[in-house]
Every structure is written in C-alpha cells, then in structure tokens.
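Using the sequences and the hints, build the whole thing.
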Amino acid sequence: MKRTIRLTLVGCVAMLALSFSASALAAYSPKLTVKNAPRTGQVGPTIDVRVPTPTDDPTARVQIYVPTGYTLGAASPGTKIGTVTATAQAADLAGAVLPLTGDVDSVAPATYATQQAQCGVTAVLYTYDLHLTAAGQILDVPIFVQATAGAEAAVAQYKLVVCLPPPDVPAGTPGRATFGAKLLSATFDLQTLTNPAATGEYRWRSTFTPYTPNTGRPNPAGTVEVQSLVRLPTEALIKVTKKKIVTKKKVKGKLRKFVSTRVGVIANVADGNPGISGAKVTFLRNGSAYVTKTTAANGFATTVFILKAGTVIVSAKAVVPDRDLGTAGCTATF
Numbered sequence: 000m001k002r003t004i005r006l007t008l009v010g011c012v013a014m015l016a017l018s019f020s021a022s023a024l025a026a027y028s029p030k031l032t033v034k035n036a037p038r039t040g041q042v043g044p045t046i047d048v049r050v051p052t053p054t055d056d057p058t059a060r061v062q063i064y065v066p067t068g069y070t071l072g073a074a075s076p077g078t079k080i081g082t083v084t085a086t087a088q089a090a091d092l093a094g095a096v097l098p099l100t101g102d103v104d105s106v107a108p109a110t111y112a113t114q115q116a117q118c119g120v121t122a123v124l125y126t127y128d129l130h131l132t133a134a135g136q137i138l139d140v141p142i143f144v145q146a147t148a149g150a151e152a153a154v155a156q157y158k159l160v161v162c163l164p165p166p167d168v169p170a171g172t173p174g175r176a177t178f179g180a181k182l183l184s185a186t187f188d189l190q191t192l193t194n195p196a197a198t199g200e201y202r203w204r205s206t207f208t209p210y211t212p213n214t215g216r217p218n219p220a221g222t223v224e225v226q227s228l229v230r231l232p233t234e235a236l237i238k239v240t241k242k243k244i245v246t247k248k249k250v251k252g253k254l255r256k257f258v259s260t261r262v263g264v265i266a267n268v269a270d271g272n273p274g275i276s277g278a279k280v281t282f283l284r285n286g287s288a289y290v291t292k293t294t295a296a297n298g299f300a301t302t303v304f305i306l307k308a309g310t311v312i313v314s315a316k317a318v319v320p321d322r323d324l325g326t327a328g329c330t331a332t333f
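Numbering (numbering that gives the first Met the number 0), first residue to last: 0 to 333.
Just to be clear, a hint being listed does not mean it is correct.
For each label pair, taking beta carbons as the anchor points, the in silico distance ranges come out as [said to hold, decoys possible]: (1) R38 to D91: 25 to 33 Å; (2) G68 to T186: 43 to 51 Å; (3) A153 to V290: 45 to 53 Å; (4) G119 to T186: 20 to 28 Å; (5) A122 to A95: 32 to 40 Å.
Hints in this document: simulated from the structure, not taken from any laboratory. Positions of the beta carbon are idealized from the N, C-alpha and C atoms, including for glycine.
See below:
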C-alpha cells in the first residue's frame, strides 16, 4: 500500500557577488521555499519568500524562475487563483509587525501598467495581484509573469517579477510604501501552475535585490541568488507484516486458546534520493490515527500493534520538514 506525503522541499542560498563585506551579507539574507503537491501533474505549488529578521535591508525586487517542465495555465482577469498570507513591519505604526491575509487574483495588465514600467518589466504574459489587508489598510503587490528569453530560458520557462516600494524613506515621499510597510514574508499558492509530468528534481531559482537603507535606491551589488529544490514524486511507502500469536489462559478453570495477530508496519519516506530523516509519519488504522513516529536517518519509521479479531485497513501519511542545504547545495546560475 502506498500513501503520498503532502510536501517536500530543500532550500539553499548562493551569493551572486563575491565582493560583499561581512556586514552587507549580514544585512540581507532572504529565503525561498517552494512546496509542491507530491505527484507529477498535480496543481498548485506554494511559494514562500521571506527575510529572516525585521532588521534585514528592505527588499526592492524579487525574480522567481519557474523551472522548465511546469505548465502555466491562463486565468481571465478577475479570477481568484490562490490565497496569500504575509507579514509586514509598519513604520507608521511604531514598527509593529502586522499579519496580512488575502487572495491572489489575476488582473488586467493595464491595472498596474505604471508599476510595471517602474519595475522595468516589458511584455508580460499575465499580471497577478497579492491583495492583502491588515489593520483596515489594503496592500496590493503586483506580480508580473513573463516568458524567459536568452540565457534565462536555459534554466526556466517563466519568471515571476515583483518590485516593492521603499518603506524607509520619509513619510510623504512620492512612491513610499503604504503606511511604511516593509514586507517581511509572503506565502502564496498559484493554481495556474501545474507540476511537471516527468519525475525528477526541479530547481527553482530566484534573485533578491535590496534597497540601500533610507535612500529609496535599489542596491544591485547586494543582490543574492536563492534556490529551492523540489523532487517528484515524494512518497511514503509502507509494508505490513503479520505474525500469528497463540496464547493459553484458564477461563473458569478450563484452559482456553486465544489467537491474535501481531501487525508490524514499516514506512519509508523518500523523494527519489536516500530516505528522508526527520519526517513525521502518522500511522492510521481504519482511517484513525493511532501513533506518530519520526523517521530515522534512513527514512524509515516503524510501529507494532496487536489485532485480536476482525479486519483492519492500515495506512500512513507523512509531512517532510523544510530542509536547508546551505550554500553547498546551490548551483550558482547568474
């Protein structure tokens, strides 16, 4: 019997420039996490972008490269194509970190034509809107979807481009972010994207460019490349063993024989590579969870129970933890 797990990913960061000072590196360390449905051909990756702390430099521009193999479907303007949660630090609210929620909508490109031009984005396939609300305020973050060309086409077929307004310039400065909002994180799913049809490893790439603090000017020299790996399929495979157990007990003075079955369940969580350690595996009997185990270094988790009578359906489900491969896990692209 086989049960697929829900999500898998690994993440890493590759620095683009080699001339950074230690302080510059410490001031900007963004992360990209991509979580897929576990099987080929399924819909809707979840994309998570964030900076680790509010003290990181504000982000000016993000480009996320969708690996070749994914399918991008059309969405008419006005169509909801996902949901989004985010956090932002509001300078105008004493630096409070606000939780934001909302929808991802497909909109007419003309809606954000001015922002598109300011972002330096030319032709687009689609324009999406992260429509967020918090503290009675609305925060719209456009995403410009482009087909790649030239050298970029060797690593991706589409890219998602986001430009954010500066949050740390004086209030009243033209183009300043609404209520001085510095976006710290955004997690959104895109129902327009479908997993590749082929199994294997897919490397998502992205570039993050910060602002030079308090200037409203992007800092291209501070750009970093961040990557996330998705492996398809990701599976939890289970094997069940049975052993008959016979015991004898006296009941009302008579020796009686009792027969039961010792059931062993072995789960292996893997994503095309050696087993995944640290995955939480929940074992179920007739659809009800009865124990949760953590996989060992080899990706295996086991449990045993005694079945006294009847029939039981055994299954398992697992959730793979986020795994950071570090700089060594990245393949520098740009």
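Original post:
Checked against the structure, which of the hints given earlier come out wrong?
Top reply: 1, 2
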